[in-house]
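Letter by letter, the chains look like this.
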Amino acid sequence: MQIVASKISRTFGSTRALIDVSVELHGGEIHALVGENGAGKSTLLKILGGAERPDSGSMTIDGAPYRPASLNEAVAHGVGLVFQEITINPSLTVAENILVGQLNRFSRGGLLTEKALARRAQELLDSFSAKISVRQSLSSLDLGQWKCIEIARALSTRPEAVFFDESTAFLNHREVEVVLTAMRALRDRGLAVAFVSHHLAEVGAVADRLTILKDGRKVGDFEAGELDREQIQSLMVGRDMSKGIYPERADRVDGRTALTLTNVGAGAQLAPLSLTVQQGEIVGIAGLKGAGGERLLEIVAGVERASSGEIQIGDEAGAARSPSEGWAKGVAYLPGDRSGEGVIVSASVLDNLVMAQPPRHGPWFDRARASGLATEMVDALHIKTASIKAPSSSLSGGNLQKVVLGKCLAVKPRILLLNNPTRGVDVGARLEIYRSLRESAAQGLAIVVVSEDLNELIGLSDRILVMRAGIVTARIDDPSGATEDALIRYMT
Amino acid sequence: MTMKTGSGSQDDRHSFGSAAIARLLLDNITYVVFAAVTVFFMAVAPNFASFGTAEAILRVTALVSIMAVGMSFVIICAEIDLSVGSVASWSGMLVAMLLEAGVPVQVAPIIALLGGGGIGLLTGLLVTKLHIPSFLVTLGMLSVFSGLSLTVTTTMPVPIIDADFADVLWNGDLIGVPAPIWWTLITVLVGFYLLHYTVFGRRVFAVGGGVTAARFSGIKTDQTKIWAFVLSGMTASLAGMMLAARSSAGNPSLGQGLELDVIAAVIIGGTSLFGGYGSILGAVVGAVFIGTLGFGLLVMGLSSSIQEVIKGIIIIAAVALNRRR
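Protein chains in written order, with the numbering used here: chain A, 1 to 492; chain B, 1 to 325.
Incorrect hints may appear among the rest.
Okay, derived cross-link-like pairs now, DMTMM-like style, lysine to aspartate or glutamate, Cα gap no bigger than 20 Å in a straight line [unchecked claim]:
#	chain 1	residue 1	chain 2	residue 2
1	B	K220	A	E85
2	A	K289	A	D485
3	B	K220	A	E325
4	B	K220	A	E341
Rough simulated footprint, nothing fancy, chain A against chain B, three-plus residues with beta-carbon under 8 Å [what the hints assert, rightly or not]:
#	region
5	192-202
6	212-226
These are calculated hints, taken from the structure and not from any lab test. The beta-carbon is built from N, C-alpha and C at its ideal position, and this holds for glycine as well.
Please take these sequences and the hints and turn them into a complete structure.
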């Protein structure tokens, strides 16, 4: 199996998403497409998988012309696509989800032949050693296993190539590992595997070859191991990243305490934990989803209540009992789900930036002062928007996240709580987020950050707590010497 | 998404021709349809175009406009209030009974108004504290207060003898403008400033646009919703008293079915039923639109049953055209 795409171009409106990009995919290889948001990698993968059509350029499979007009036509050519979004229907069984496109083949007189269906579904799962039984209920499986069900669905049409479009975007470490293992199994069976991912760690772990894209053009094709992570990032962004993307740590913090937790616990989700955070300090919390870091942030923010322990904010004792009380005490909170919990997509950039504490004259909304504050935030964080009045829905993910951060910084908080602040944010925007976090810390802000991106925690934090199942398993006081592997050992 | 918006705004800058005019018309489609319908009636129904007509329409739409102001707050919060019609009936009955019992005419309407606010408060508490969908709570309230209005006097109307009450709320006029139009102007003005110029108004939009994001940003979302329901209850109550003033009696079925016209007015005016978008002036235009339509069809001599059919079709068409693209 060999898929060759040559000189592919695609334009959306006035944006040239792809310009003369050529790429070759081979059976028995995992091929990574990497680049920043908007570099064109997803568009390229969708064109290869039949979900989009190119404006110009040609594609062949084993020398024969390949011009799919739809996903179904691509499937007929032996190409399967796994999407970023979860497409599992929880009201169906595992087997029905896998074979949902071919249920008529398993019906007799309008009734499903459950046994044949289950047998075929199990075969597909076993074919890449997914370790899932069709008898299991969907609710007992995690997102990574759900992704495997989607992979089995893609395999149900007996493809020779499978493409993954940011399929790990919503998964945690352990779940990602499940999907990466599945990808390796497919490669070992001789399939051509291609994927798009934001996480260079994943690229490093599974890719045999990689193609780097920038602004719709191909930067180059590389063998695995040919480039290190910094070199890949430099090529993606187009500037030198060899000094790393993280700002320098502060020399030493001033020692005044911003946040004191004494034996704060929340039932089984969080064992009693004590922690003090100084002004100017960035404390990172590592752990798998559900390990307790997010719960800790929610408690300090006032979203959830602690079941035991004392919280002191500055010199004031007493926890926030609601988010509004939290903000009033100077605790700003950046939640993990950007579009659901962080911004109001229907509202303007301005409204989002000043939402936490709208400038006011008595009951009146002070629009002039709000505009000034919003403009200040847009400039300080380099938010790319047509105007402060533009709807937030017109912003990219990275800029949207900067709006949420701007909302937090606009109230001049004492404590800033961050839940995965750069999830789905590309390298350029990350750099700016890290820089402004460090600047704010230098002015006395205390920051607690929970992140699944371990490199980010190592690069950004002054101290790291590692958690597992609600318990702190390690406290790392000098993260500069820490490695990802070391953190993972304490996490699992 | 950025790509599309970027190109869209560039188009805006570079084209001033027919495309720009088409876009302007499309963005204000409610007004275009409204104008077209009005011109149609002026052409077809010879007696339609006169000051008398305009005044009659404004009188008729005063009630719906006033209730639509309160309803706008509720709908922009992504909630709904189906109880406004029966709250209006109940307030009419209440004020009539208070006056009959000898409560001074300066005091009775205030009690009824606060009563309407109280019903909104109860609705808001049930919606936010017990997490019952507002559709269900207000459907229940609709039933409770239409039933109560019928029960208190065993379905008999309560006459209102006080002439001052009727004058101030309906029959009188000030510098040539009838009382109901004054009340509409006052309510709309207060609602307009409250929604578009206060911090409370910003919160209403935020709650409707994303309740979790609003709460996580420190907005007291429950409180905001409760106030929206209080406003809706109070405007319904004011409209109910005006209805009672119009017929010089509290009648238990006066407000029946008004909720549908009120919700239609708000939605025609461009407010999203899913919350987060909307305007008070749009709601008023929607109310006047519905009033004009009803009045025009009446002038054309169509039977009231056919009027209902045509009204329904035009309302659906107006909302369909007004959907956010």
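Structure-based check of each hint:
About 32 Å separates the Cα atoms of K220 (chain B) and E85 (chain A), which puts this hinted pair outside 20 Å; it is violated. At roughly 17 Å between alpha-carbon atoms, K289 (chain A) and D485 (chain A) fall within 20 Å of each other, so this suggested pair holds. Our distance criterion of 20 Å between C-alpha atoms is met by K220 (chain B) and E325 (chain A), whose separation comes to about 9 Å. For the proposed pair K220 (chain B) and E341 (chain A), the alpha carbon gap of about 15 Å is at most 20 Å, so the pair holds.
Coverage of a stretch by a chain is defined here by at least three residues with a beta carbon nearer than 8 Å to that chain's beta carbons; for the region 192-202 of chain B and chain A the count is 6, and the condition holds. Counting residues of the region 212-226 of chain B whose CB lies closer than 8 Å to any CB of chain A gives 9, so the stated coverage by that chain holds, three being the minimum.
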